[in-house]
Each structure stands twice: as structure tokens, then as C-alpha cells.
Amino acid sequence: MRRPALVLVALVVALLSASALPASAQDKPRSGGELVFVVPSSPPSYDAHQEETFGLIHPTAPHYSTLLRVDPTDKTGTKPVGDLAESWTVSKDGLTYTFKIRSGVKFHDGSDMTARDVKASYDKILNPPAGVKSLRKTAYAAIASVDAPDATTFVVKLKYPEGSMLLNLSSPWNWIYRADTLAKDPKWYEKNVNGTGPFKFVEHVKGSHWVGKKNADYWDKGKPYLDGYRAIFISNSAAQVAAVRGERAMIQFRSFSPAERDSLVQALGPKITVQESPWDCLNLVAMHHEKKPFDDKRVRRALSLALDRYEGSKHLSKITLVKDVAGIQVPGTPYATPPAELEKLAGYGRDTAKNRAEARRLLKEAGVPDGFAFTFKNRGIPHPYEHLGIWLIDQWRQIGLNVKMEVIEASAYHPMLKRGDFDVAMDFQCGFIVEPDLDLPRFLSTSDANYGKHKDTVIDDLYSRQGRATDPEERKKLLRQFEKRLLDEEAHVIYTLQWNRVIPHLSKVKGWTITPSHYLNNQLDTVWLSE
Amino acid sequence: MALNPPIDRALEVEVPPAGGGWWEEVRDFCLRRPLGAVGAAIIVVMLVVAVLASVIAPYDPVINDFSAMLAPPSRAHWLGTDAFGRDVLSRLIYGSRTALLVGFGASVLGATLGSVLGVASAYFGGRVDLYLQRVMDVFLSFPLIILALALVAILGNSIPNLIMAIMIPMIPRSALVIRSSALAIREMPYVDAARAAGFGHGRIILRHMLPNVMAPYLIMLTAFLGQAILLESSLSFLGLGVQEPVAAWGLMLRGAAVEFAEAAPWMAIFPGLAISLSVFAFNLFGDSLRDALDPRLKTQ
Amino acid sequence: MTKYLIKRFLLMLPTLFGVALVTFVLIRVIPGDVVELRYSGDSGSVSQEIIDRERARIGLDKPIWQQFLTWMAGVVRLDFGTSMWTGAPIWEEIKLRFALSLQVAIMATIVAVVLAIPLGVLSALKQDTWIDYSVRIFSIAGLAMPSFWLGIVLILVMLVVFKWLPPMVYTPFWVSPTQNLAQLIWPALAVGYRYSAVATRMTRSAMLEVLREDYIRTARAKGLMQKLILSRHALKNAMLPVLTVVALEFAFLIGGLVVTEQVFNLNGIGLLFVQAVAHRDYTLLQALIMLVAGSFIIVNFLMDITYAWLDPRIRYR
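Chains as they are written, first to last, in this note's numbering: chain A, 166 to 696; chain B, 2 to 301; chain C, 8 to 324.
If you are wondering where the hints come from, they were derived from the structure by calculation, not from laboratory data.
It cannot be assumed that every hint is accurate.
[Unchecked claim] Keeping only pairs whose Cα atoms sit at most 27 Å apart, straight-line, the calculated DSSO-like set for lysine-lysine is: (1) A/Lys569 to A/Lys519; (2) A/Lys529 to A/Lys569; (3) C/Lys14 to A/Lys298; (4) A/Lys352 to C/Lys102.
[Unchecked claim] Not everything, but these chain A residues come out facing chain C in the computed CB check (under 7 Å): (5) His369; (6) Gly372; (7) Ile397; (8) Ala407.
The C-beta atom is built at its ideal place from N, Cα and C for all residues, glycine as well.
With the hints as extra help, turn the sequences into a complete structure.
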């Protein structure tokens, strides 16, 4: 009688300790090892103030620090934390931000970093000298001045209060450079690397690889855990998958497709861990408001009503980089619309048959005949543009529209949009931090990015009101109204499905948390290898 | 890509003597050159399939059917389905239309225009020949795919533009081959006789020279057809050729076919086989045709 | 002979100039602009002022004829300028990729010749037998298969059956020969197989032509041994057109492997070319096309000289 009981107890103890053991082994970061990852695109220059591509961020961000950064352990990617800023205070009127800069931080060449360097870097971003570009000048329109009254204080003064300023200052592009170097040659950083980040630059062989090694003098003692990293440039995605599969590379920081994830999981089993997250990128359909019949909001609403988003989400998420049905903010972030609310918008309801019948009725009312043909212009990029294009055409076929897809090469696409040379075209929206103030300005009537050329003062008004709202609940209400006007009442644009980031990586890579943006969490200071 | 037809600079071919019956020639060809006959048979099948596509194909090639996505070959879908639930067999069948349309269009136009230029160049000789040769040389120096890429980037990728983009690189190649044949004919006495009799240039070119380059023209055409199909599929594979949701073999090999190559190999295998088989057939036929028409290679 | 050489050399120059001109105009006709592309990224909007300034800096605001002359002045001095996308000197961008493409081209040529000559000769000697048919089917199959499909299938087979992958990163031959060959042998085989098809057919037809010669027929009548001895002699004569074809195809291999390089992830000239088109990097594109076209023209020239040297009749035309 006692024997079986003992065995049972032993079994339970064994099970408990077995489950406990790996957890404790996982928790303690281990120092050492080289992280090898693949990057699909090459950096054109080394100056993040002038570039917009992840091809620069992925291999080079580990060499630099920024004033603030987005918390790398937060999955929503919406929390600002200090990088070179130790702490900060905001004045009561919201117009002055005072940052205490860490002391004792050194650049890789040995010189000290002070608030003066922060000011020089921000001066370069806000007011670049002649011959130097800054892509982010307009993002900081609210800033009146930046000052460094002493070595450890950095002050930002605003013209008007902006609730999202801290997040804005957490931009992964605002690398802090050396003031003395910038004074001598503001273009030096285009071809050279010297930062305060967790890794020092070793070499870059064009088209081949980029190597960084541990910065032993990094201000965050104990970090980084890695001895170094190696980024390999591979543009062909099948080759990237093959690299991970052959365990020659450990991770790719942008995204793989669902099929690639499945093949890796099938081939490597427990050696692969998959992290997924909604992506701060989305494809929307732009309709030219000055061309018939898309000037009629009934036609635009019909095009949105025709889409069975939930079925689409279920199936397309198996073959391409889209998944969630979303509104104007990435699902899971503070200002995202709850799904129950979303269903009330046109085209977001669950009853597809009813929606499509309504769509047909609207088309007939607007005088659009059955079998009406138009051209849908799409961008020449496979994922997920091509897939979404095929899906959209098939959905529109089901309300009696005969749509032909014309694919414009990726390089010629943006000029085409700007010229307004389209009836209906695929548009895209990508951000690095999920924030309405950063995601929504493009829908303003005066925005350069308003390719459909809609003119709507209600939208413009709602946008500015939500930007100045200090109470989060008030802001949410205004955003809901904005969304309803944009997607339902006027159907200025049609949101398809939210992109989905899929990062399958070797299980030995630890300490890296996925966020909605592939521009975030690339400094690699928190990453360690378990073997 | 080794896409040039063999540059037979010294190849001279004759048209087989008239009379003796057309049907007998064909039968003779099939018996004496079984490889060429096989090639011809495949070509005929392809043509029939392309013409009767709407009758033969079991499904519509563009309608999405997510309930059957990525299905392996079965009774319902003989060759399986792709990532959008579209029947692979139906898309292959309709794809033959695209292949033949672009293939024939580009190669016939390219070969014909090039031949006219080649004959004219050989006939007029002297300065005209020199200048034309230089111009042809310039375009010949560009690898096929590079010129096609650039042209597609300029013209855009509708089917007519694609035909143009593939046709243009073929013109100098055919001009070169036909020119060497035409040079031999130019030396023939009946050309001089025609000039002496006062026939105009145009008439001599059209009535006397062009018919006599028929044989190398036909042989070259079969090689070009294969190359055009390959080039179209390469361009579609790169995303610069025919666009979705039109069915085209190269397009079917793009994207999902590669990603799902392990999980759903039928998506990649069958279009590749279709391309290979059709190019193979054209080349086989062309090869045997050359053997048949070149008197010096006859075994008897 | 010298007069012929000079004449052929002089004829090369207008062709090269023509290529430069056509290239220059052709790529500027392609819609799209390198400056816009560089600074639009994922979000797609950038101020006009920045665009105009950059254009002026690169020299795109000047009239086309002026841009052409500036460029040609550089070309004559073998200075191709700097890439419009990265700002680095052109030779720096090209050199590593050129080394790789060159090596693949050489290896593919070796594979092709090793396959083509024995097969072509065999096929000619045994014309119209099953051996002949099999050789022809084998070589035409190589011509018919799309190279990217062959590449996909090869990699799939290696992965699934052998559970092995070729190296992903290029190591130069002198650094590590095994790594280098392990990566490049596969595209060399895939490309060489295609390439051998043309050479095989050429060898076969050239051999057949020579075999018709009287002295061979006499040897045939005399017996097998004689035939073999004279076949080797015949082979030498047959090699000239084969050599021509091999050389010309080799010149094309340098820039023409666009799709193969994609499939095998080779950081070569073909891939660089596709990137340059996508970026509308005019200076890089121009340099690449001049490189490829230039090698083709030079190889052609060398072939002409060889022909003239071996066949005196050509010189006196």
C-alpha cells in the first residue's frame, strides 16, 4: 500500500522539479557568445538622422545610445524609459522637460559624453547645417529650443504642450553623436561610427556582413551580456530561412512569413522559439476623391462593406504577414478600439451576406452598374501586398465589380501616389511607435500623405482636439469619433488587416522581447545566449 | 543565362526541293527523326490545351477558395491547390495561354523584324551593313535579361509591354544569324541576275532573299520560342512579368511556391515541369528541323 | 594582319560609345528617382526641399547632355564616379561582387566544357543512335529548365535529403578554398549544365561537319583505328566554333545570372544590378552595364582576332 504512494510522490516531485529547473536556468542571463543574425537590407549610410531603413538600424543601433528609448521589455512598445537620461521632470504647464543626463558615460573613442553632446545631436536633428538633411525635423515642430545649461542637464522647451513628446523623444533614430566631431564635420557620421552604445564597431564588409564587439566600458554595468554580434546581409528570404534552419544565424529582426515560420518549427522543433506581435504597419486602400465614381461616399463604403475581414484574417494569416482586424491603432495598445466597438463600423460586422447585400444596394443607388471595371494599383512587394491584392480583387468580385490589378514597381510607386495617378490604390502606413499623434496626421486634409485628396474639416478638428486632450478617457472618445468618421461615415480610406510580425528564432537567444515595431529594441544590450 | 541560339556563322541551309507532297515530308520527318516528332507532338498538345482552356479547365483559375487552400493532389483537385485555394491544374492550363501568347508574340515579332534587318544588311552591304552591324552589336552586348528588365521598368508590365520587352532583345540576335545566311545567298548568281533585270531592292529582298532564309528562320524561331517562354517566366518570377491574378507559369513559381516548397511541393513542381516541358519540346523540334534541313548533316 | 586588327579595334570604339549612350538614355527613361526612394522609406513622405538639395548635390538637376559629358569624361579616365545610393566609389561597390561572379562564371565554364566536349563528340560519332538521342535529350533538358526552378529544387533536395546547406557568406578562394567551393559549386553546376547544352550542340554539329570531310571518310573505309586517330585531328578543327560559343556565353555569365544569384543568394553582379535598378542608382547601373557589355565586346574582339589568325581568308575581306 505504501509503495505505490511513494512512487506517486516521487513522480510528482520529479515533475515539479523538472518544470522548475529549466525556468531557473533560463532566468539568469549568461555572459558570452556571439549573436549572429540576418538583415534583409543594407545600410545606405551610417547616419540615422538621415535614414529611414531598418537596414541601418539592425546592424548599427547597438553602437549608439539615445536620450530616451522605448522600454525593450514591454511588448506593446509604448513606454518611454531613460537611456542616456537618468531621470526627468516635466513642468506643470507641460512646456518644459528637464532631463538629468548620466555621468561617467564614454564614447567608444574614450571621450566623455555630456549634455552638450545631446544638445549638439538634437540641434543637428532640428536644425541641420547646410548640406546635411534631417528627416525628422517636422516631427518635432512643437519644440521651441533645446539647451544644455550644464554637463548633466538637458532642457527641452516646447511652443505648446504635446502629450506624446516623451514618446517622440524615444525615437530609435535620434542617436547621440559627439558634439566636437559634429562641429568639425557634420557629415562625419555618414561614413563612420562612434557612439556610446553597448557594442563597439569592428568591421563592415559591403554586401556581406557587419561585426560589433562588446563595449567593456558601457555605462550599464554588467551589460551587454554578449561578447559581440555579427549581422549577415542576405536579401533573399529563402536564404534567410535556410540560414536560421542550418543554425548558421540565430534570428532575423524584421519578420518571417507564416510559411517560413512553419517550416522552421517543423525542422527544428524545440530549438526554435516563435514570438509574434501585431505590427505597427498596415495596408489601407486609398481612393481618389476627385475621380468618379470614388468621389461618392456610397461607392467607397460599398468597397469596404464587401470585405469579409474576419474570414480574411483567418486564412491570410496562414500565408502572409497579416492577422488582426484593426482600426486606427494597433490592437493591444492603449488607444486601440475594443473588438466589440470595432464591429459597429462599416465592413467590420460579422454578417457578411448582409454587408454585401448592402454594398450592392449602395452601388446601385450610386449608379454603378454590375460588372463595373476599374484598375487597382498595387505596390510591387510580395508580402503582404500581393496577397492582399489578390484577396481584395476576389472580395470585390463578389459584389459584382470587375477589378484588374496593376502592379507598379516598388521604386516607382510613391511618385505615382503623389501624382495622384490612380483611381484606387494600395497605400501603407508604418510607424516606429504606436501613438495617435504619430499615426494619424497623414489623414489631415492638408497632409502630403493624403493621397486620396479628401477634404474633411471634421477630421482635422477631431485630430487637433485629441492631441490636446489631457484626460485619457476623453482622448479615447475623440479617437473613436475620428475613426468612425474616417472609416465608416465618409469611408475616406479602407483599412485592410493589421500586419503581423512573426519572429521565429533559435531558442538559445534570450532576453529579446518582440514589439510592434521592427525599428525598436535593437540595441541588443538585454540579449543573452543560453548556450 | 545561356540563351543565345547557336551562332552558326557558317551554317548554310537549303530549302528542301518542292514537289513530293507535303504530307509525305511530315511522315518522313516523324519516322526518321523520332525526337523531333515527340517535340512536335508536345507542341500540338500545348496549342490545343491553350485554345480549349475554358473547356478543359475544371475550375476558374482566379476565384479564391480558402476552404481548399494548400490542398494536396486529390480527386477534386488533380494537381492540388495553391495558397488561395486556386486549382493548380486549371492555372496550368490557362497559363499555357499566357506562355504561348507572350512566347509566340515576342519571338515571331522579334525573329521577323530581325530577319528583315539581317537580310537588308546583307543585301545592301557596304556602309549600310557597317552601321546596322554596329547598332546591332550595341544591343547584343546587353545580356537578355538585363535589357528586358530595363524595358519592363520603363514600359510597365502589361502583357503587350512584356511582349515588347522580350521582343526587342531578340531582334539583334536574329539579325545576326539571318545575316550570315543571307550573305551566302547574296553571292548567288540569281540575285545578280535579278539586279541586272532591273528588279527593285524591295522586290529582290522580299521575293528572292527572304524565302531562301526560311529554313534558318524557322529553326531560329523554335529556339527563340523556348527562350521567350523562359524569359517570361524569369521576369514573372522576379515580379516584373505577368501580374496576379492572371495565371502564368513563372508567376506560379513565385512567392508562396518557394515558401511552401516543403509543405506543399506540388505548387512548385508542376509549373516548373510545364515550363521545362514546353521549352524542351520547342528545342527538340527545332533541333530535328535543323538536322532535316541542313543538307550537309544528312546521313544518306 | 595588322591592318585587320586595327580595323577591328577601331570598330570596337563606336560600339562601346553606342552602349554608353543607350545605357545612359535608357535608364533615365525609367520612371522613379533615386533621391525620392532613398528618403521615403516605409512611411513614404519627405519634404521637397530635401529632395531638391540632394538632387543638386548628385548632379541630377543639370541637363542630360551635360550629365552625359561629365560621365563620359570620367569613363575615359576609367573613373566611374560614386554610387548615387551609398555615395561610395563605384569600384568599391563592384569589386567583391565582380570577384564572385567571375569565379562562378569560370567554374560554370569548366563544368560546361567538361560536359559538352565528350558528350558532343560521342553524340556526333554515334549519330542517330540511342546514345545520340540520350545525349541530345540530356542537353536540351538543361536548356529547357528554368535556372531558378533548378536552383529551388537543388536546395530543397539538399535540405530534405542530405540535411545540409551550402555556406551563406562568401569567403574568397584564398581565404578558405573549401568554404568557397562548397558555396559556389552548386550554382556553378546549375549554370554549367544549362551552358553545356549550347556547347554540346555546337560540338556535335561542328564534329559532324568535320566528319564529312573526305579524309575522314577515307579513314572510315580503312578501319576503326584510323578513324579514331583522325577523329582526334578532326576534333581540333571542330573546336573553333565551339570555342567561339563558349567564350561568348562566358562573357554573358558575368551579368546575366540575375535569377540564379537570387536563388542561391550569391552576392554577385546580377544581384547588384537588380538592386541598382530598384534604387535607380544611375551611376552604378551605368558602370555595371559598361562592365558587362564591355567584356562582351572585348571577348568578341578577341574571337575575331583568333578567327583571323586561324583562317587567313577572313583577313583579306
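Run the structure past the numbered hints and jot down the numbers of the failing ones, going up. 3 and 5
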